[in-house]
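J.: Residue-level listing of the chains:
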Amino acid sequence: MSKEKPAGTGVILVTLFLAGLLEVVPLPEDLNWLRPDWLLLVLMYWVLALPHRVGVLWGFVVGLYHDVLVGTTLGQWALAYSLGAYFMLAAYKRMRVFPALQQTAVVFLLVGSSNLLAYLVQESVGRAYYPPYTILYSTLASAVLWRPIVAALRWVQLRFLVR
Amino acid sequence: MSSSNPTYRLLIALVLAVVLMVLDQRTPWAQPIRYVFGYLTAPAQYLAHLPVDTARFVSRQTQSRAELLEDQERLNRQVLILEQRVQKLAVLEAENTRLRELLNSSASLEGSVLVAEIIGLDPDPNRQEIVINKGAREGVRRGQGVLEAQGLIGQVVEVGPLASRVLLITDASHAMSVQVNRNGVRAILAGTGQGNTLRLLYVPDTADVQQGDLLVSTGLGQLYPRGYPVAEVVSVDHRSGAAFADILARPKAQIDRASHVLLVESKPVEPAPADQDEQGDAPPDGAEEEGQ
Numbered sequence: 001m002s003k004e005k006p007a008g009t010g011v012i013l014v015t016l017f018l019a020g021l022l023e024v025v026p027l028p029e030d031l032n033w034l035r036p037d038w039l040l041l042v043l044m045y046w047v048l049a050l051p052h053r054v055g056v057l058w059g060f061v062v063g064l065y066h067d068v069l070v071g072t073t074l075g076q077w078a079l080a081y082s083l084g085a086y087f088m089l090a091a092y093k094r095m096r097v098f099p100a101l102q103q104t105a106v107v108f109l110l111v112g113s114s115n116l117l118a119y120l121v122q123e124s125v126g127r128a129y130y131p132p133y134t135i136l137y138s139t140l141a142s143a144v145l146w147r148p149i150v151a152a153l154r155w156v157q158l159r160f161l162v163r
Numbered sequence: 001m002s003s004s005n006p007t008y009r010l011l012i013a014l015v016l017a018v019v020l021m022v023l024d025q026r027t028p029w030a031q032p033i034r035y036v037f038g039y040l041t042a043p044a045q046y047l048a049h050l051p052v053d054t055a056r057f058v059s060r061q062t063q064s065r066a067e068l069l070e071d072q073e074r075l076n077r078q079v080l081i082l083e084q085r086v087q088k089l090a091v092l093e094a095e096n097t098r099l100r101e102l103l104n105s106s107a108s109l110e111g112s113v114l115v116a117e118i119i120g121l122d123p124d125p126n127r128q129e130i131v132i133n134k135g136a137r138e139g140v141r142r143g144q145g146v147l148e149a150q151g152l153i154g155q156v157v158e159v160g161p162l163a164s165r166v167l168l169i170t171d172a173s174h175a176m177s178v179q180v181n182r183n184g185v186r187a188i189l190a191g192t193g194q195g196n197t198l199r200l201l202y203v204p205d206t207a208d209v210q211q212g213d214l215l216v217s218t219g220l221g222q223l224y225p226r227g228y229p230v231a232e233v234v235s236v237d238h239r240s241g242a243a244f245a246d247i248l249a250r251p252k253a254q255i256d257r258a259s260h261v262l263l264v265e266s267k268p269v270e271p272a273p274a275d276q277d278e279q280g281d282a283p284p285d286g287a288e289e290e291g292q
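Here the protein sequences come in this chain order: A and B. The numbering of the first sequence is the working numbering, which starts it at 1 and goes up by one. The numbering of the second sequence is the working numbering, which starts it at 1 and goes up by one.
Hints may contain errors.
Unchecked claim - Computed from the model, here is a short list of chain B residues facing chain A with C-beta under 10 Å:
hint, residue
1, ALA48
2, HIS49
3, ASP122
4, VAL157
5, LEU167
Read the hints as simulated data drawn from the structure, not as lab findings. Every value quoted in this text rests on a predicted model; they were computed, and no experiment measured them. Positions of the beta carbon are idealized from the N, C-alpha and C atoms, including for glycine.
Let the sequences and hints guide you as you build the complete structure.
T.: Here is the structure:
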């Protein structure tokens, strides 16, 4: 797989752009708590699928994009996503053989830890208003959506020959 | 590149992120990075707003003739009422200028105005911010005051090339100087992080603030223009033993329902050195802090 010429960077960027779109799409106030971390999920899929291409630096740049998109302190999500991508890189071999439920559990932990890191930064600059357990809701939503996202992105990967 | 260890890359990323955070918090040097990324984020924000725009377009196209006529009639009536008020205003303004000249202070009433549309809300419930569809290209500047038809709603905190971000007065990190319209008592109005509640800080228990009082901006922090309605006092709670009264207010502007906003020139045209307030009963802790 690593011998093949890389292709389809554009497709990866488009999926990330769409994830960013979902990240800011207006939702009713109550549903807003359940907004999954779309960008991180899509990023983690590409790390899982192409670990030799998509890694920590991708995480950093996508995180910066998230920062500007939602107006947080520059570096907050870059930090969180770098770590998320790193964990995924460390675990991708095991992740590929895990059954669906176990994968979901691991994604829950990965998204949770990186969101917690982002929360710590937000807290330290004095912009966190709600208590930290509130990030659990969006983390749960992210974990639940992991398998559907894998299915959708796998189709995209095969359809547009991303490797 | 491919041979390098991801752990080293993680370390580099962590150091870079921390450096960026410090730069962004303490200095203006990180602004160019935001500006460049702004070209990539603005399309997402515009696209996310597209369904709302489409719905509005469709409803406008399908409005019936009777509805339009009714609308027109209502607007005509409104124009008449407003014109009558403007007539009075012109006289008052002239008088105000004359009196200010007598006091040797300069008036700073008019400034340029820019209309913008709200295209996004902050997805993070911890933050009360909105995104508007005007950016540096249209001349938006950091620190400009933002108004809605009913009152002040916030200030521009970040300017991108195509869109800008507005910090609302309800954000927990926001505070501004206001005064009671009825008697000129000054105080600091702070956001609480909840959409519809503001709090007046450090108001002595004996200060004359009542339920229903209108709070207007004082312009003292040099960020907001003077004299715009900001909020209305909804409850005043005098607690024995506490040094300050617990006063809650509600924004005059209907922030959650607004679709268009006005950006006003916030810097006074000329500083007013001899501008003295007749009211001597300013709160003891009345340091005028404004902004984040």
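J.: Next, verify each hint and record whether it holds.
T.: Here is what the structure says about each hint:
1. Interface hint at ALA48(B): satisfied, since its Cβ lies 5 Å from the closest Cβ of chain A, which is below the 10 Å cut-off.
2. With 10 Å as the threshold, the beta carbon of HIS49(B) comes within range of chain A, its nearest partner Cβ sitting at about 8 Å, so the hint holds.
3. Satisfaction of the interface hint for ASP122(B) is found here, the shortest Cβ-Cβ separation to chain A being roughly 6 Å, below the 10 Å cut-off.
4. With a least beta-carbon distance of about 8 Å to chain A, the hint placing VAL157(B) at the interface is held under the 10 Å criterion.
5. About 9 Å separates the beta-carbon of LEU167(B) from the nearest beta-carbon of chain A, less than 10 Å, and the hint is met.
Violated hints are absent here; each numbered hint is respected by the structure.
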